[in-house]
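S.K.: Going down the list, the sequences are from chains A and B.
Mapping of the first sequence onto this note's numbering: position 107 corresponds to residue 107, and the numbering continues sequentially without gaps.
Mapping of the second sequence onto this note's numbering: position 21 corresponds to residue 21, and the numbering continues sequentially without gaps.
Think of the hints as simulated: they come from the structure by calculation, not from any bench.
C-beta atoms are modelled at their ideal positions from N, C-alpha and C, and glycine is treated no differently.
Be careful, since some hints might not be right.
Computed beta-carbon distance windows for the label pairs [said to hold, decoys possible]: (1) 39/B <-> 7/A: 18 to 26 Å; (2) 57/B <-> 16/A: 44 to 52 Å; (3) 68/B <-> 82/A: 23 to 31 Å.
Computed cross-link-like contacts, PhoX-like style, restricted to lysine-lysine with a CA-CA straight-line distance of at most 20 Å [to be verified]: (4) 57/A <-> 94/A; (5) 66/B <-> 105/A; (6) 105/A <-> 5/A; (7) 42/A <-> 20/B; (8) 66/B <-> 5/A; (9) 42/A <-> 14/B; (10) 68/A <-> 57/A; (11) 5/A <-> 71/A.
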Amino acid sequence: QQQVKQSPQSLIVQKGGISIINCAYENTAFDYFPWYQQFPGKGPALLIAIRPDVSEKKEGRFTISFNKSAKQFSLHIMDSQPGDSATYFCAAAKNQAGTALIFGKGTTLSVSS
Amino acid sequence: GAVVSQHPSWVICKSGTSVKIECRSLDFQATTMFWYRQFPKQSLMLMATSNEGSKATYEQGVEKDKFLINHASLTLSTLTVTSAHPEDSSFYICSATSGGPNTGELFFGEGSRLTVL
């Protein structure tokens, strides 16, 4: 059972465009939703995260939109740059000490210059 | 931010040998560490959860006798792949949390790439 579904699998965006990646979750006990960025051969790095008490969070060019009723959340990358080309993973976790993150399958983003 | 260090970053070994990967939290005490496995172009799959001083909890389908996890201190967890085979070749990533109020904010290591010949 896939608890966190992520789409699309891959995405090509022109420089300066908006990249949008979507995730849906099933477990209503999840209440922490981070996005990670991973470059080849490296561990994932936390990009931005949101909790269900807000519907949107923005940090620089990155925005998370959260729809609790639909159990969906998305990452928007504004003014996409070639340096943003990486694999992005959404994840979810319960608000419980020592709980592991459950990851989506990832989206490979390519930003053309 | 907090730093989690893994060593070695890559290792090549012969089939049948055992390999140990270390995961250290450098500037915080990690009450819980997690081990993930990632095959090429795939997601991170949780292998086990390790709490300091207690036995690791393995995910379904992960052989506890093959993937030995030790979390002997609040700053170190080790994963030993015993009798490694080519199908064990993968990218192993650890993550750690101090278990504070911001639960879920995991810090990841840089990963260890294992190649079994």
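S.K.: Starting from the hint list further up, note which numbers the structure goes against and sort them upward.
M.R.: Structure breaks hints 3, 5, 8, 9.
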